[in-house]
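Trainee: Chains D and X are the protein sequences, given in the same order. The numbering of the first sequence is the working numbering, which starts it at 1 and goes up by one. The numbering of the second sequence is the working numbering, which starts it at 1 and goes up by one.
Treat the hints as calculated values from the structure; they're not laboratory data. Just so you know, not all the hints are guaranteed correct.
Pairs count within a copy or across copies, as identical chains cannot be separated in the list.
[To be verified] Derived DSS-like pairs: lysine-lysine, alpha-carbon spacing no greater than 30 Å straight-line:
#1 Lys323 to Lys26
#2 Lys232 to Lys51
#3 Lys26 to Lys51
#4 Lys252 to Lys26
#5 Lys323 to Lys51
#6 Lys264 to Lys252
#7 Lys49 to Lys232
#8 Lys339 to Lys26
Protein chains: 2
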Amino acid sequence: MLENKNPQRTSISQLGEFGLIDHLTKNFEIRQDSTLKGIGDDAAVLDFKDKKAIVTTDLLIEGIHFDLAFMPLKHLGYKAVVVNLSDICAMNAKPTQITVSIAISNRFPLEAVEELYAGIALAANQYNVDVIGGDTTSSQTGLLISVTALGQADESEIVYRNGARPNELLVVSGDLGSAYMGLQVLEREKQVFLVNPQSQPDLDNYTYLIERQLKPEARTDIRTLLHALEIKPTSMIDISDGLSSEILHLCKQSNVGCNLFEEKLPIDPQLINTCEEFNIDATTVAINGGEDYELLFTIGLGDFDKIKANPNFTVIGHITEEKEGAHLITRADTKIPLKARGWNALESE
Amino acid sequence: MLENKNPQRTSISQLGEFGLIDHLTKNFEIRQDSTLKGIGDDAAVLDFKDKKAIVTTDLLIEGIHFDLAFMPLKHLGYKAVVVNLSDICAMNAKPTQITVSIAISNRFPLEAVEELYAGIALAANQYNVDVIGGDTTSSQTGLLISVTALGQADESEIVYRNGARPNELLVVSGDLGSAYMGLQVLEREKQVFLVNPQSQPDLDNYTYLIERQLKPEARTDIRTLLHALEIKPTSMIDISDGLSSEILHLCKQSNVGCNLFEEKLPIDPQLINTCEEFNIDATTVAINGGEDYELLFTIGLGDFDKIKANPNFTVIGHITEEKEGAHLITRADTKIPLKARGWNALESE
Numbered sequence: 001m002l003e004n005k006n007p008q009r010t011s012i013s014q015l016g017e018f019g020l021i022d023h024l025t026k027n028f029e030i031r032q033d034s035t036l037k038g039i040g041d042d043a044a045v046l047d048f049k050d051k052k053a054i055v056t057t058d059l060l061i062e063g064i065h066f067d068l069a070f071m072p073l074k075h076l077g078y079k080a081v082v083v084n085l086s087d088i089c090a091m092n093a094k095p096t097q098i099t100v101s102i103a104i105s106n107r108f109p110l111e112a113v114e115e116l117y118a119g120i121a122l123a124a125n126q127y128n129v130d131v132i133g134g135d136t137t138s139s140q141t142g143l144l145i146s147v148t149a150l151g152q153a154d155e156s157e158i159v160y161r162n163g164a165r166p167n168e169l170l171v172v173s174g175d176l177g178s179a180y181m182g183l184q185v186l187e188r189e190k191q192v193f194l195v196n197p198q199s200q201p202d203l204d205n206y207t208y209l210i211e212r213q214l215k216p217e218a219r220t221d222i223r224t225l226l227h228a229l230e231i232k233p234t235s236m237i238d239i240s241d242g243l244s245s246e247i248l249h250l251c252k253q254s255n256v257g258c259n260l261f262e263e264k265l266p267i268d269p270q271l272i273n274t275c276e277e278f279n280i281d282a283t284t285v286a287i288n289g290g291e292d293y294e295l296l297f298t299i300g301l302g303d304f305d306k307i308k309a310n311p312n313f314t315v316i317g318h319i320t321e322e323k324e325g326a327h328l329i330t331r332a333d334t335k336i337p338l339k340a341r342g343w344n345a346l347e348s349e
Numbered sequence: 001m002l003e004n005k006n007p008q009r010t011s012i013s014q015l016g017e018f019g020l021i022d023h024l025t026k027n028f029e030i031r032q033d034s035t036l037k038g039i040g041d042d043a044a045v046l047d048f049k050d051k052k053a054i055v056t057t058d059l060l061i062e063g064i065h066f067d068l069a070f071m072p073l074k075h076l077g078y079k080a081v082v083v084n085l086s087d088i089c090a091m092n093a094k095p096t097q098i099t100v101s102i103a104i105s106n107r108f109p110l111e112a113v114e115e116l117y118a119g120i121a122l123a124a125n126q127y128n129v130d131v132i133g134g135d136t137t138s139s140q141t142g143l144l145i146s147v148t149a150l151g152q153a154d155e156s157e158i159v160y161r162n163g164a165r166p167n168e169l170l171v172v173s174g175d176l177g178s179a180y181m182g183l184q185v186l187e188r189e190k191q192v193f194l195v196n197p198q199s200q201p202d203l204d205n206y207t208y209l210i211e212r213q214l215k216p217e218a219r220t221d222i223r224t225l226l227h228a229l230e231i232k233p234t235s236m237i238d239i240s241d242g243l244s245s246e247i248l249h250l251c252k253q254s255n256v257g258c259n260l261f262e263e264k265l266p267i268d269p270q271l272i273n274t275c276e277e278f279n280i281d282a283t284t285v286a287i288n289g290g291e292d293y294e295l296l297f298t299i300g301l302g303d304f305d306k307i308k309a310n311p312n313f314t315v316i317g318h319i320t321e322e323k324e325g326a327h328l329i330t331r332a333d334t335k336i337p338l339k340a341r342g343w344n345a346l347e348s349e
């Protein structure tokens with residue numbers, strides 16, 4: 001499903017490692033005041049002055065985290081950045097810099113790596129972060145991307161996973177499950193394509209789901225929104241592995257329980273239609289599907305009025321005492337223990 | 001050459017991703033004042049106060065950067081940390097934190113990953129740095145380690161690659177080429193072992209070379225030494241790809257040339273003996289062999305007296321005008337242009 005089946009192919013070995021790095025990084029600009037020195041020395045130098053530095057890292061591996069049969073390289077580069085920025089957002093911090101390391105087998109020509117970097121550059125531009133370093137090497141088999149993101153925040157702004165308290169509200173940004181169903185749609189199309197390479201997929205009914213899978217966004221806007229509403233969450237985490245799994249992380253680290261209400265889950269109409277078509281329960285998808293990169297957080301009851309009419313946020317439950325456990329309250333009013341069934345890269349083997 | 005041919009094998013999938021991370025990281029202590037929050041949230045939080053933050057990253061890939069036939073996993077973990085700390089040292093900064101991401105195929109049992117982490121923990125302890133995060137995932141084939149290191153320094157202390165000026169002295173710490181010859185010895189033993197698995201290698205004559213290859217150290221001591229001598233280098237780089245390649249980086253970024261003197265190269269007697277045995281020119285090895293992780297730097301002529309009797313440092317040449325180019329002056333007094341023949345992971349395919 002690449003747009004051009006016969007792209008130009010330039011061997012990477014012609015450039016050599018340093019030639020490749022120069023070629024790929026020469027157009028990266030410095031946008032952040034805190035970046036004193038970016039690419040080009042043994043290390044980058046950053047100046048956070050009176051702010052705290054926030055650091056996170058993620059590894060994306062071909063065949064485990066992505067399938068190049070339906071993930072265009074530019075989207076992959078973009079997504080590799082976004083998943084890391086999302087972790088910075090989950091600390092209520094502002095992303096400022098990234099490092100990007102890639103390992104590529106020689107089946108990839110230079111043009112493929114350029115596509116990947118075009119996606120990285122697009123994300124850096126979109127989110128106003130500087131690419132300050134990285135490593136570029138060969139691999140014996142697939143493609144691999146390791147991104148480390150840095151951010152900054154005042155100490156008083158930072159939100160950890162361990163601050164949730166009983167009676168607080170459980171809130172989520174955006175909607176849930178769409179990225180997972182986007183992946184199901186793409187995997188179905190891949191199977192169709194393998195059987196009949198001439199088939200033309202009609203994906204009009206799934207555009208939102210596919211975009212959520214192929215071009216997820218980090219919710220850098222939530223920090224600004226919450227600041228404007230004068231809300232500081234008591235705990236926060238991003239939803240990468242699935243809502244259920246993330247709720248359990250928050251509860252475990254905060255030593256609390258929770259009740260999550262099925263009827264409150266924010267689900268896009270396209271997800272509901274597609275779940276019907278696939279004969280999958282939309283609630284299961286919303287709870288266990290990963291990769292939405294929305295933010296899950298808790299707020300005090302006193303902040304409810306500030307967000308109740310805000311379309312960016314949905315109150316999906318409340319925090320309880322630890323001994324009560326973490327449960328889903330279904331539409332039929334039955335209480336089911338939450339389990340971490342989220343997407344787990346280690347179980348995918 | 002693993003010490004135990006029948007080690008205990010526990011499947012990693014039994015633990016799951018979060019179980020594995022907990023298991024591997026539970027004993028990592030926080031040692032640095034600047035680490036406000038380490039492992040266990042979406043990101044780590046660091047406080048560098050009035051210091052600048054220094055960031056670098058490196059990727060090590062099985063079959064490209066290491067061969068598990070002779071690289072014990074514990075040594076590999078140690079080395080993966082050291083190569084990154086070396087980059088921080090090359091900025092004249094103090095390493096303070098690392099993130100460690102690994103991808104492992106299911107041919108590795110839990111005990112293997114524990115060995116790898118034991119090496120990481122040993123290095124963290126040895127160099128007093130905190131492990132503040134990472135990612136653990138599966139790979140379809142080999143083992144892969146991505147480390148990002150952070151450090152700190154006063155702005156006035158930081159040394160870049162671009163500050164060398166004509167007439168300054170070119171100085172190197174330690175000795176050169178031993179790590180490369182250690183690798184040659186190990187590769188020869190591997191071939192012998194493949195032909196005759198019962199052969200018992202006698203490596204007594206190569207202990208220093210092998211240690212330099214399997215357990216390199218980052219020269220964190222150089223910053224302290226130079227500070228005590230009241231020397232601030234004008235430019236600095238670490239020797240990972242080979243002296244020749246690194247000199248060319250310094251010259252290019254500083255817009256200068258240089259003369260490197262063959263007779264001044266610091267070479268260990270064991271290297272000389274082994275080069276004779278292998279019928280390889282020791283100068284070639286000292287200039288082009290990589291992975292020594294020594295520091296190469298330039299100082300003003302006025303600082304010569306401070307280091308001339310110091311066993312940690314060797315003056316190996318001097319900086320010239322850019323138009324004069326970068327040359328090796330041989331013992332026979334001939335002038336040969338320096339070329340970047342260093343170890344290049346992209347050419348090793």
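Trainee: Indicate which option fits the pair Lys264, Lys252 if close means a Cα-Cα distance not exceeding 30 Å: within, between, both or neither.
Mentor: within (22 Å within a copy, 61 Å between copies)
Trainee: For the identical chains here, do Lys323 and Lys26 meet the 30 Å Cα criterion within one copy, between copies, both, or neither?
Mentor: Answer is between: at 25 Å across copies they meet the 30 Å cutoff, but 56 Å inside does not.
Trainee: 30 Å Cα cut-off: does Lys49 pair with Lys232 within a copy, between copies, both or neither?
Mentor: The answer is both: 23 Å in one copy and 24 Å across copies each meet 30 Å.
Trainee: At most 30 Å between CA atoms: does that hold for Lys26 and Lys51 within a copy, between copies, both, or neither?
Mentor: For Lys26 and Lys51, both the intra-copy (29 Å) and inter-copy (28 Å) Cα distances are at most 30 Å.
Trainee: Check Lys339 against Lys26 for me: Cα-Cα at most 30 Å, and say if that holds within a copy, between copies, both or neither.
Mentor: The answer is between: 23 Å across copies meets 30 Å, while 47 Å in one copy does not.
Trainee: Please work out whether the CA atoms of Lys323 and Lys51 approach to 30 Å or closer within one copy, between two copies, in both situations, or in neither?
Mentor: neither (38 Å within a copy, 45 Å between copies)
Trainee: For the identical chains here, do Lys232 and Lys51 meet the 30 Å Cα criterion within one copy, between copies, both, or neither?
Mentor: both (17 Å within a copy, 28 Å between copies)
Trainee: Is it within, between, both, or neither for Lys252 and Lys26, if the alpha carbons may be no more than 30 Å apart?
Mentor: between (45 Å within a copy, 16 Å between copies)
In summary, the structure is inconsistent with hint 5 from the numbered list given earlier, while agreeing with all the others.
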